[in-house]
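Each residue of the sequence shown is one higher than the one before, starting from 1 at the first, in full-length UniProt numbering.
Hints listed in this document are in silico derivations from the structure and should not be mistaken for laboratory results. These numbers come from a predicted model, not from an experiment. Take these hints with a grain of salt, some might be off.
Calculated cross-link-like contacts (lysine to aspartate or glutamate; reagent style DMTMM-like; alpha-carbon spacing at most 20 angstroms) [what the hints assert, rightly or not]:
1) 73 <-> 47
2) 7 <-> 33
3) 5 <-> 77
4) 22 <-> 77
Derived DEER-like restraints, expressed as beta-carbon distance ranges [what the hints assert, rightly or not]:
5) 19 <-> 62: 31 to 39 angstroms
6) 78 <-> 57: 17 to 25 angstroms
7) 20 <-> 64: 28 to 36 angstroms
8) 20 <-> 62: 34 to 42 angstroms
Idealized CB from N, CA, C, for every residue including glycine.
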Amino acid sequence: MYNYKTKGVCSTNISFDIEDGKVKNVTFTRGCEGNLQGLSALVEGMEVNEAINRLHGINCGRRGTSCPDQLSKALREAIG
Numbered sequence: 001m002y003n004y005k006t007k008g009v010c011s012t013n014i015s016f017d018i019e020d021g022k023v024k025n026v027t028f029t030r031g032c033e034g035n036l037q038g039l040s041a042l043v044e045g046m047e048v049n050e051a052i053n054r055l056h057g058i059n060c061g062r063r064g065t066s067c068p069d070q071l072s073k074a075l076r077e078a079i080g
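Using the sequences plus the hints, can you model the full thing?
Written out as structure tokens, the structure reads:
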């Protein structure tokens, strides 16, 4: 289980597993519950690099980041 402390978004932490190169068991602490459950369901079983490519650079308003973007950063950090 990986844990990532988010920066600049409403959620405060992202937890997830990577199994056989695929994203598993994504959970967010705080944030927009319905949206984050949807995001978690959409990336479940997705190849890590595919998830990174799809989510990287998505912005929430003028924050310069978003929960999806933070997930891409967490995944990138986890695979080194």
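So, going through the hints one by one against the coordinates:
1. In summary, the hint linking residue 73 to residue 47 is supported, as the alpha carbons are separated by about 15 angstroms, within the 20 angstroms threshold.
2. Taking the CA atoms of residue 7 and residue 33, the gap is near 17 angstroms; set against the 20 angstroms cutoff, the hint holds.
3. Straight-line distance between C-alpha atoms of residue 5 and residue 77 comes to about 11 angstroms, which keeps the hinted pair within the 20 angstroms bound.
4. Restraint check for residue 22 and residue 77: satisfied, since their Cα atoms lie roughly 15 angstroms apart, inside the 20 angstroms limit.
5. As the Cβ distance of residue 19 to residue 62 is approximately 36 angstroms, the hint placing it in 31 to 39 angstroms holds.
6. At about 18 angstroms, the beta-carbon gap between residue 78 and residue 57 stays in the expected band of 17 to 25 angstroms.
7. Range check, residue 20 to residue 64: Cβ separation about 33 angstroms, and the 28 to 36 angstroms hint holds.
8. Distance hint check for residue 20 and residue 62: the Cβ-Cβ separation is about 38 angstroms, which falls inside the suggested range of 34 to 42 angstroms.
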